[in-house]
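Colleague: Heads up: the sequence lines are chains A and G, in that order.
Take the first sequence: its letter number 3 is residue 95 in the working numbering, and every next letter is one higher.
Take the second sequence: its letter number 85 is residue 87 in the working numbering, and every next letter is one higher.
Read the hints as simulated data drawn from the structure, not as lab findings.
Every value quoted in this text rests on a predicted model; they were computed, and no experiment measured them.
You may find that some hints are simply not true.
Stated by the list, open to error - Here are some, though not all, of the chain G residues that point toward chain A, as calculated from beta-carbon distances under 10 Å:
no. : residue
1   : PHE32
2   : PRO36
3   : TYR38
4   : LYS44
5   : ALA47
6   : ALA51
7   : PHE91
8   : CYS92
9   : SER99
10  : ARG101
11  : LEU103
12  : THR104
13  : PHE105
Glycine is no exception: its CB is placed at the ideal position from the N, C-alpha and C atoms.
Now for the letters of each chain:
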Amino acid sequence: NAGVTQTPKFQVLKTGQSMTLQCAQDMNHEYMSWYRQDPGMGLRLIHYSVGAGITDQGEVPNGYNVSRSTTEDFPLRLLSAAPSQTSVYFCASSWGPGGTEAFFGQGTRLTVV
Amino acid sequence: QQQVKQSPQSLIVQKGGISIINCAYENTAFDYFPWYQQFPGKGPALLIAIRPDVSEKKEGRFTISFNKSAKQFSLHIMDSQPGDSATYFCAAISSGSARQLTFGSGTQLTVLP
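Excised from the complex, chain G in its bound form (with noise of 0.2 Å):
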């Protein structure tokens, strides 16, 4: 049972474009919401991460959009640059829990130059 349900599983945008990725949850003891990013033969890395208590964070070109009711939280890459070709994953965990990480299946991401 994937408890974080996570589209499209892949995504091509040209230089300059936006690109947007999906995440839905189940578990309603989650309140912490990152997204890592992974280079091939690399570990994933924190990208930027989200609280529900906020609708939105913006760092830089990266920015979280979350709807609390709706049990949804995406990604938006501004200007996306062939430097962002990756692969991007949703989490979520609940604070202050042990139990680590629930990720979703990934985005594999191609900015096209």
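One chain only, chain A, in its complex shape (with noise of 0.2 Å):
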């Protein structure tokens, strides 16, 4: 199984540029979200979704679009980037709510100038 699969795994965007960060997975989860990795921050939560069409806004989702038309995809969207969002992302999925296990991509490291 490939699991959790994002690309690309680098970008350079200048500012005001737009991008789609690509996530699929392969184990049937219904649960996928979107973190972004800053240095002595964590992971936060930008998006989640808990099933195919439906989606909501996690911590900080100023700045991004999510769409989830089938189970297997969930894209994040930037409208126009802006040098705060350079960091690096993370796709991740589950089958279940809260206390279940998250699978996480490899990550797209994101670079705005």
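Take the two lone chains, each set in its own frame, and fit them into one complex as the hints suggest.
Modeller: Dropping the structure here:
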């Protein structure tokens, strides 16, 4: 099993550009989420989804959009990139709500210049 | 507002020593406390988890101690090995909650050979 696959692994954007970070899982998990990891701040929840067609905001949602049209895919869109969005982004999935193991992708390192 | 506080930020231990990482939480609705281990360039992976109905859980060299009244929990790594060198995150969540994990800020552990 591939688990959780994120693409791309690295990306450099110019301020104001838009892009989509891709996340796909092959474990038939209902719950998917996006986190950003910044030094000294741990992982902070951006958006999450409890199933196809259902999304909700996490702790730091501003500047990001998500959609969940299928169980497998949960893309994260940056509408107009800003230097403050320079970070490492992780997608995660789990079969159930809180209390179940979350499986993480390998991350996307994004630099906005 | 950081709901899960983790210390220390970095830790250096000699091979064979005991590594101790501490976390404290504020939200009394949290009832599932996992620890994640992250190696450079990889996503976090579940290491061990505990629920507040027990005060201690041990898996091999890794032990979680939990103090519900103090709202604190800690990870002990016995006989630390260089292969344990990684970043460790504590986390917390409410079982059954659709919201995802709240992470501590992380501890970078270095085990010297």
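Colleague: Take the hints in turn and mark each one as holding or not.
Modeller: Checked hints:
no.: 1; hint: PHE32; result: 9 Å, holds
no.: 2; hint: PRO36; result: 8 Å, holds
no.: 3; hint: TYR38; result: 8 Å, holds
no.: 4; hint: LYS44; result: 6 Å, holds
no.: 5; hint: ALA47; result: 7 Å, holds
no.: 6; hint: ALA51; result: 8 Å, holds
no.: 7; hint: PHE91; result: 6 Å, holds
no.: 8; hint: CYS92; result: 9 Å, holds
no.: 9; hint: SER99; result: 4 Å, holds
no.: 10; hint: ARG101; result: 7 Å, holds
no.: 11; hint: LEU103; result: 6 Å, holds
no.: 12; hint: THR104; result: 8 Å, holds
no.: 13; hint: PHE105; result: 4 Å, holds
Checked against the numbered hints given earlier, this structure breaks none of them.
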